[in-house]
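Sequence lines, in order, name chains A and B.
Each residue of the first sequence is one higher than the one before, starting from 449 at the first, in this note's numbering.
Each residue of the second sequence is one higher than the one before, starting from 126 at the first, in this note's numbering.
Keep in mind that a hint or two might mislead.
Stated by the list, open to error - The calculated label-pair distances, taken between Cβ atoms and stated as ranges, are:
# : chain 1 : residue 1 : chain 2 : residue 2 : range
1 : B       : Pro-184   : A       : Pro-502   : 34 to 44 Å
2 : B       : Ala-256   : A       : Lys-474   : 25 to 35 Å
3 : A       : Gly-469   : B       : Cys-143   : 35 to 45 Å
4 : A       : Val-485   : B       : Ser-240   : 22 to 32 Å
5 : A       : Ala-500   : B       : Pro-184   : 46 to 56 Å
6 : B       : Glu-222   : A       : Lys-474   : 49 to 59 Å
7 : A       : Gln-475   : B       : Gly-183   : 43 to 53 Å
8 : B       : Ser-240   : A       : Glu-468   : 28 to 38 Å
9 : B       : Asp-245   : A       : Lys-474   : 34 to 44 Å
Keep in mind that the hints were calculated from the coordinates and are not lab data.
Positions of the beta carbon are idealized from the N, C-alpha and C atoms, including for glycine.
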Amino acid sequence: MYICLCLGVSSSAVQKAIDEGARSTKQVASSCGAGSVCGRCRHTIRTMLDAAAPDSDGRKAHRLRRRWGRN
Amino acid sequence: MSLVLAADYRVPDFDRWCAMISGDLHRLPSLGAHHLVVYRSVEDPSRVFTTLGVRERGPVDVLLRSPVLFAWFDSAGVEEIPPLFVGEVVEKLDLAEAAAEAAQPGAVIVAAIVSVAGMDRLRARVRRAAAGLAASGVRRFWIYQALDDQAEAMILQEVASERQAQQWIRHPAAVARFMSEAGVGAHPPLFVGRLVQTFEVPAAPRTRD
């Protein structure tokens with residue numbers, strides 16, 4: 449799926465940036481460009497970051513904790 | 126080649142947005158769009174799933190950053206742009222006699238965007254399981270393959286009734302177990318909704334050279 453429409457950045461590119469160490473939307477933007485133009489995809493990037501962050505047991509949360517009411 | 130652009134998002138005021146769609150259609154021909162399909166969730170009335178059929182006319186990144194696409198989300202009152210699936214149909218099965226006709230408003234759809242281990246294998250399994258799918262109430266089965274990721278699929282199933290759809294989700298045949306994979310990574314959770322309307326996008330007026 450495309451996350452950042454401004455630059456045509458796909459979810460796999462965002463995931464790669466996260467897997468390589470990006471821990472904030474700013475770092476994702478520096479790595480692959482996603483979220484660096486209009487910024488309207490940052491919520492999705494944030495949820496992908498949250499999903500990749502280790503939970504209290506030290507495991508990665510594999511699912512997005514989507515807040516469907518955010519729009 | 127015809128592409129489909131699909132997104133799952135929430136609209137703050139569904140009725141207002143729905144009433145405005147017809148007025149917004151005139152913008153879409155510049156994208157190469159020919160059909161727009163709107164589904165509304167049966168579980169969350171503000172959640173929608175839309176698919177836009179587009180004749181591919183150039184690089185996808187140009188299509189994605191089109192101001193028309195952003196205006197589409199603006200018009201829906203969507204501030205945060207949802208992930209957008211862009212792909213092409215690779216499998217289309219009509220499993221019921223009535224399915225040969227166009228889907229009618231109210232038709233129940235189950236939409237999943239998932240990663241699949243082998244697209245060709247999934248297609249072959251679905252074809253082999255056609256009779257079982259039909260017996261479970263699945264009337265149409267479409268698989269779309271993403272342009273940006275060959276292992277990403279959008280799978281749409283039209284099911285005879287909402288009750289059968291819920292039953293199918295709770296107790297899927299092996300071939301439909303991908304439904305439990307929805308909601309992983311950037312993929313939206315499984316969408317169960319009803320067809321609101323299929324809009325034919327008017328052709329762009331011809332311009333003189």
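What are the numbers of the hints the structure violates, in ascending order?
2, 5, 7, 8
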